Each structure stands twice: as C-alpha cells, then as structure tokens.
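Visitor: Those protein sequence lines, which keep their order, are chains A and B.
Each residue of the first sequence is one higher than the one before, starting from 0 at the first, in numbering that gives the first Met the number 0.
Each residue of the second sequence is one higher than the one before, starting from 0 at the first, in numbering that gives the first Met the number 0.
Don't read these hints as lab results, they were simulated from the structure.
Predicted model, so just to flag it, every value in this text is computed and none were measured.
Even glycine gets a Cβ: it sits at the ideal position worked out from N, Cα and C.
Mixed in with the good hints, there may be bad ones.
As the list claims (entries may be wrong) - Facing chain B, according to a computed beta carbon distance under 7 Å, are these residues of chain A, among others:
# : residue
1 : Val-9
2 : Gln-12
3 : Lys-80
4 : Ala-82
Stated by the list, open to error - 30 Å max Cα-Cα, derived DSBU-like pairs, lysine-lysine:
#  : chain 1 : residue 1 : chain 2 : residue 2
5  : A       : Lys-14    : B       : Lys-204
6  : B       : Lys-118   : A       : Lys-10
7  : B       : Lys-190   : A       : Lys-10
8  : B       : Lys-118   : B       : Lys-163
9  : B       : Lys-190   : B       : Lys-56
10 : B       : Lys-204   : B       : Lys-219
11 : B       : Lys-17    : B       : Lys-189
12 : B       : Lys-116   : A       : Lys-80
13 : A       : Lys-37    : B       : Lys-189
14 : A       : Lys-80    : B       : Lys-17
15 : B       : Lys-17    : A       : Lys-10
16 : B       : Lys-70    : B       : Lys-219
17 : B       : Lys-70    : A       : Lys-10
18 : B       : Lys-162   : A       : Lys-10
19 : B       : Lys-17    : B       : Lys-38
20 : A       : Lys-80    : A       : Lys-10
21 : B       : Lys-224   : A       : Lys-80
22 : B       : Lys-163   : A       : Lys-10
23 : B       : Lys-190   : A       : Lys-75
24 : B       : Lys-70    : A       : Lys-37
25 : A       : Lys-14    : B       : Lys-118
26 : A       : Lys-75    : B       : Lys-56
27 : B       : Lys-17    : A       : Lys-14
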Amino acid sequence: MSQQILEAVVKSQLKTDLPALNVGDTVDVHVRIIEGAKQRIQIFNGVIIKMQSQGISRSITVRRIVANEGVERTFKIHSPKVATIDIKRHGHTRRARLYYLRDRIGKKRRLRDRRRGLANLIVKTASAKKTKAATPPATDDNSENK
Amino acid sequence: MATGLIGRIIGMTRLYDKSGRNVPVTVIEAGPCFVSQVKAAQTDGYSAVQLAYEDVKPRNSTVPVIGHDAKAGLGAKRVHREFRVAESVAGELELGQQVTVATFEGIGFVDVTGTSKGKGYAGTMKRWGHKGQPASHGVERKHRSPGSICSHASNRGFSGRPKKGLHMSGHMGDARITTRSMEVWGLDVKKNLLILKGAVPGACKGLVYIREAKRLCKSKARLAKAS
C-alpha cells in the first residue's frame, strides 16, 4: 500500500511522452541549460551504457567521445532539465551494463544495429500486416521477414 | 491554527521543484485525528488538546481507554497524544471533532517528533563520531576502540574515575527525536498526506507527531520570508 501511495505522489511529475529507451541505444539528450534569465537547449549525443532505478528516479548514463576523451553523463530522465530524448539508433547488446565500451578504442566502439531478435520480428510483422490490411491477406508472415 | 497531528511515515521519494532541482521528500499519512479530550487552564492548570488516531479493535484495547474514547463519542483508538495549544484555540474545539491535514494548510514549516531507528549496541565511532585509532604505526587490534577513558586521576580531581558524561559505546538509536522546522512541500487533503522536504526520524510505518514549527532557524526564516 505504501508503495502505491508513493507512486501516486510522484505520478504528476512522471513524463508520459518518453520513448522506449534501451541499453545500447544511441540517443540525443536535449538538456535545458539556464544561464541567468536565459534558457537554451544543449544536445548531448551518445550511447546509453546503463539504465538505473525505476519510476521517477529512472536514470540513463550516456557515453560519448569528445576530443578523444570518453565523457559520461547521467540524466534523470524524468527531470524537467531533460527536455526531450531522441533515439537515433538501436544497438545490439547482450548485457545490461556496457562497461566494456570504456576499454574499446576506435571502430570497435560501435555497436551492431539491433536487427535480429524476436522483438524486432514482431514489430516487422505487425507493420507488415498493417500495410497489407487493405490488400489480399498475407500468405506467410515469417517467410516475408527472412 | 493547527493544533497538531498524529501520523505514520509512508516513505521517501523525490520530487522536482520549479527550477528543476531534485528534492528528497518524505510522505506522511497524517490523520485524520479526533479530539478525545480538551484540557482547560481552569480545570487542569494548562490548556491542551488530546488527539486520538487510528482505529483499534476493542478487544486489543483496554476498558479504560475505550471508556475514555466513548466519552468523546469515538470508537476505540490506538494512539492518544496531547498537544499544547492556546486557550482560545482549545475553547473552539469540541469533543469528537475531526482534525485533518487541512488544518496545516498555509503552514510553511513543521516540527516532527518520532522514534529513531534502533542501531543496537554501537561503538564510539558510530555513536559519537570518534575517529578511532590509526591503521598502522604500531596499532594492533584496536583500530576502532575509544582509546583512553581516564587519566591522571581524572585530571587531578583525585577521584580516579572516568568523568561523568564521557562518550562511550552503548545502545544507539530507538530514541525520541524531534526534527525542527521541516519545510512543508505539499498536502493532499483527500488522501490525508503531508509531504515534507527531507527525512524524518523513524522507520516506515513509524508513528510521528507533527506540530507547527515553534521557531525557525535563520536560513529557514529567510526562506519563509521570501515565500
């Protein structure tokens, strides 16, 4: 019961328009920066190497390379200081924490695009069905995706 | 004026303020309480109000307490607690009257009294913040010990006993603590919730007593003035 009450308290501050983020995604984080009375938006682009916590405390750590130096920033994704988050690419990962990227240099830093996997297949099938809804029924969904 | 409230700690979470800053908050389920007794200066020597909180099965209570609550027209309550109030306030209150968190509307700061979490038998480093002994330089097996507790016949008092009030190891926590002037972050009258900035003494589900802040420290007074 306590947990439900706490969740209800923070509910109004939770963002509903956030994209479904995953570890390995390359994202643009639009950060609000306040300089005196002015406010501008700065974009931090990089790979999500870890996601932590749940609910209003949910945070992502984004890693990028600036002038040959690795830079990691952690964002509370529900914070008002994070204006928007755009997903640029989905990277293929086999673990939840991509600390091994810290040791990688050059082209090895890149993650393979997430193409394979059941989740992707389902999305493709769904979209294929949608487009073919008007046209004659699809014969075999699986064969189309291969 | 707010008389006071009895409540239970729900837990802590975080909220963002207008400038986007992250604020740790404690959510307290405060009330609804009921007036079970009103004390007046004439009859009792001082004016106060006794509030009752939380229903209890009569078989888990005692007959004197049930009778006491019945006098105010209430069912059996688990917690009773007195809050000192001005005579003018006490005069307006009636027996059995409901006191909710709505009475705290417009109040910026409150004092919260609770029972701190028990830490068991704790050493001086944890209990009093002693530094302990060095890791090396000949120290063996005594790295967290308090060191000397008595010397030179207790500083030439010739008693030869450790001085009174010397910080030593012992039971820590599980004590009544009042955290003063906590900022009120918000209230939810419908759900009887009081949201305070910062931590309050005690564990989740722990009982707390809330009253309007008696006095404010300088920084809080400045905050109150600004808002």
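Visitor: Take the hints in turn and mark each one as holding or not.
Guide: Evaluation of the provided hints:
| no. | hint | in the structure |
| --- | --- | --- |
| 1 | Val-9 | holds (5 Å) |
| 2 | Gln-12 | holds (6 Å) |
| 3 | Lys-80 | holds (4 Å) |
| 4 | Ala-82 | violated (10 Å) |
| 5 | Lys-14(A) to Lys-204(B) | holds (29 Å) |
| 6 | Lys-118(B) to Lys-10(A) | violated (34 Å) |
| 7 | Lys-190(B) to Lys-10(A) | holds (14 Å) |
| 8 | Lys-118(B) to Lys-163(B) | holds (23 Å) |
| 9 | Lys-190(B) to Lys-56(B) | holds (23 Å) |
| 10 | Lys-204(B) to Lys-219(B) | holds (28 Å) |
| 11 | Lys-17(B) to Lys-189(B) | holds (24 Å) |
| 12 | Lys-116(B) to Lys-80(A) | violated (35 Å) |
| 13 | Lys-37(A) to Lys-189(B) | violated (38 Å) |
| 14 | Lys-80(A) to Lys-17(B) | holds (10 Å) |
| 15 | Lys-17(B) to Lys-10(A) | holds (16 Å) |
| 16 | Lys-70(B) to Lys-219(B) | violated (41 Å) |
| 17 | Lys-70(B) to Lys-10(A) | violated (42 Å) |
| 18 | Lys-162(B) to Lys-10(A) | violated (55 Å) |
| 19 | Lys-17(B) to Lys-38(B) | violated (43 Å) |
| 20 | Lys-80(A) to Lys-10(A) | holds (17 Å) |
| 21 | Lys-224(B) to Lys-80(A) | holds (27 Å) |
| 22 | Lys-163(B) to Lys-10(A) | violated (53 Å) |
| 23 | Lys-190(B) to Lys-75(A) | holds (28 Å) |
| 24 | Lys-70(B) to Lys-37(A) | violated (63 Å) |
| 25 | Lys-14(A) to Lys-118(B) | violated (39 Å) |
| 26 | Lys-75(A) to Lys-56(B) | violated (45 Å) |
| 27 | Lys-17(B) to Lys-14(A) | holds (15 Å) |
Of the numbered hints stated above, those contradicted by the structure are hints 4, 6, 12, 13, 16, 17, 18, 19, 22, 24, 25 and 26, listed in ascending order.
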